[in-house]
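Undergrad: Which chain is which? The protein sequence lines are X and H, in order. Under the UniProt record's numbering, the first residue of the first sequence is numbered 1, with each subsequent residue one higher. Under the UniProt record's numbering, the first residue of the second sequence is numbered 1, with each subsequent residue one higher.
Don't read these hints as lab results, they were simulated from the structure. Treat the hints with caution; some may be incorrect.
Claimed, not checked - Computed Cβ-Cβ distance ranges for the label pairs, DEER-style:
| id | chain 1 | residue 1 | chain 2 | residue 2 | range |
| --- | --- | --- | --- | --- | --- |
| 1 | H | G204 | X | R151 | 39 to 49 angstroms |
| 2 | X | A146 | H | D143 | 12 to 22 angstroms |
| 3 | H | Y69 | X | E142 | 40 to 50 angstroms |
| 4 | H | E282 | X | Y144 | 30 to 40 angstroms |
| 5 | H | Y69 | X | A146 | 47 to 57 angstroms |
| 6 | X | T84 | H | K190 | 34 to 44 angstroms |
| 7 | X | R113 | H | R46 | 33 to 43 angstroms |
Since the model is a prediction, treat every value here as computed from it, not as a measurement. Note that beta-carbon positions come from the ideal geometry of N, C-alpha and C, so glycine has one too.
The chain contents come next:
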Amino acid sequence: MICQRCQNEASVHLTERVGGKRQELHLCAGCARKAGLVLPESAPDLGLESVVQSLIVQNVGELVGELAELACPDCGTRYMDYRTDGRLGCPQDYRVFSKGLLPSLQRFHGATRHVGKTARLRPAAVHRLRLRSQLREAVAREDYEAAARLRDQIRLKDTHA
Amino acid sequence: MTLDDLTRTSGEWLRGAGPESDIVMCSRIRLARNLADFPFTNRASRSEKAEIEAHFKSALEGAKIEAGYFDVNGMSNLDRQFLVERQLISRELSSGEGPRGVAVTPKENIAIMVNEEDHLRIQYMLSGFRLPQVWDEITALDDQLEDDIAYAYSSSLGYLTACPTNVGTGIRVGVMVHLPGLVANKQIDKVFRALQKINLAVRGFYGEGSQAFGDFYQISNQQTLGKSEEELIKILTDVVPQVLQYERSARQELVTGRRQHLHDQVSRAYGVLKTAQTISSEETMLLLSSVRMGINLGLIDDLSIATVNELFIQTQPAFLQKLRGSELGVEERNVARASYLRSRLGNGRPVEEG
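Sequences are here, hints too, so could you generate the full structure?
TA: If you want it as structure tokens, here you go:
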């Protein structure tokens with residue numbers, strides 16, 4: 001069997017079920033190493049963490065290259081952080097990591113779509129929260145002028161709420 | 001409301017009232033909710049956690065819910081343990097970091113944890129088997145809080161939670177059941193395996209990872225996505241009666257087959273609890289479990305289920321120490337526990353405090 005990426009002889013073979021569909025991955029040793037599926041030959045760190053990481057990487061199968069690179073622009077959580085501790089960093093992660101999350105949701109819940117109670121859409125409250133988020137960013141980048149302006153806007157909204 | 005006030009009262013969920021309360025100690029629903037536009041608790045900075053806490057407090061005021069707020073950050077280990085024992089906070093909140101706390105109503109039927117795994121963990125508990133009523137109450141409370149809080153929500157995935165195992169409805173529907181009959185006839189594992197097959201989780205008294213305690217177990221849903229809250233509640237309301245039926249026939253077998261033996265076991269348990277001078281927590285749980293079953297089978301007639309339910313909580317280490325007002329070592333606690341049991345069960349000399 002030949003490598004799906006470079007046409008060399010494949011020596012690493014992975015199968016995984018994603019959403020009930022069987023997926024196969026055949027790679028040569030070089031491409032598998034590049035994709036992080038096997039530890040580099042001169043791996044300096046053979047601690048538990050790296051072994052766990054490599055197992056997780058194998059588990060994700062074909063999506064590995066793409067998912068391993070993903071990080072949430074809002075909270076900085078990497079997809080691999082989530083695979084390690086099982087916790088997401090912020091609501092945006094559901095969107096950013098959806099490719100990796102949906103198969104897990106299907107496996108755990110047997111479904112990928114919510115059918116229960118709906119939250120009320122409350123644009124004013126969301127807007128106030130967004131202003132607060134912008135304020136945090138302004139403070140972080142030490143833009144105190146913008147921060148003061150945002151603080152006033154929030155106060156105004158709070159008074160009129 | 002202070003923590004000391006709680007040592008003089010007990011939660012509604014211990015009243016031993018409501019349908020099937022001989023076996024179902026309480027019905028509980030919790031909702032996991034997060035504020036939109038904030039990182040989840042594990043990624044939130046100290047100041048963000050403080051902001052989340054402040055938002056919640058103002059929403060709580062707006063909702064006009066009469067509740068005391070206990071600031072868990074900065075609380076002593078003993079006080080945190082006391083709240084864990086009363087089922088008002090989780091061990092995760094107790095051992096967490098930074099601004100966090102819990103709002104509790106005087107009847108202790110509502111407890112809202114702030115900055116646990118999710119920003120809000122809203123819990124509603126009532127004694128007996130009353131899940132639909134608990135749902136009506138908690139969804140109304142959720143709506144009230146939503147007047148002031150914008151929840152993290154997606155139209156396709158529902159309420160967004162820190163762990164994807166809670167996403168969607170964010171609901172955990174559970175009952176705490178007392179199953180000494182199934183423990184005695186060794187059928188308990190069989191029942192649990194059957195429940196797990198239909199995606200229900202069985203946990204110990206203090207939730208995930210905790211041990212069974214006086215033959216009490218929590219049965220709850222695991223799935224939170226793809227089914228409505230009402231459907232998830234219906235699964236429990238359909239399945240739990242079957243467990244109750246197994247427990248009742250196990251008890252009946254004990255009564256008919258080994259009546260004298262059972263009566264002896266229950267009477268001895270009651271006797272030890274009324275007269276012991278020193279007693280461990282484990283032995284207390286075991287004996288209280290026998291006594292509780294004895295009351296239900298009519299073998300003890302001068303003690304209420306409510307008192308026994310309360311004693312399960314009030315003989316725990318932190319409660320005894322709060323009552324004494326000082327930290328106690330294991331041996332001192334065993335003596336204090338025996339003394340408290342004697343005073344509550346109306347036998348022996350009145351308890352000498354201090």
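Undergrad: If a hint holds in the structure, say so; if it does not, say that too.
TA: Structure-based check of each hint:
1. H/G204 - X/R151: 39 to 49 angstroms: 47 angstroms, holds
2. X/A146 - H/D143: 12 to 22 angstroms: For X/A146 and H/D143 the Cβ distance comes to about 35 angstroms; the hint is violated.
3. H/Y69 - X/E142: 40 to 50 angstroms: 34 angstroms, violated
4. H/E282 - X/Y144: 30 to 40 angstroms: Since H/E282 and X/Y144 have Cβ atoms about 59 angstroms apart, the given range 30 to 40 angstroms is violated.
5. H/Y69 - X/A146: 47 to 57 angstroms: 33 angstroms, violated
6. X/T84 - H/K190: 34 to 44 angstroms: Since X/T84 and H/K190 have Cβ atoms about 36 angstroms apart, the given range 34 to 44 angstroms holds.
7. X/R113 - H/R46: 33 to 43 angstroms: 36 angstroms, holds
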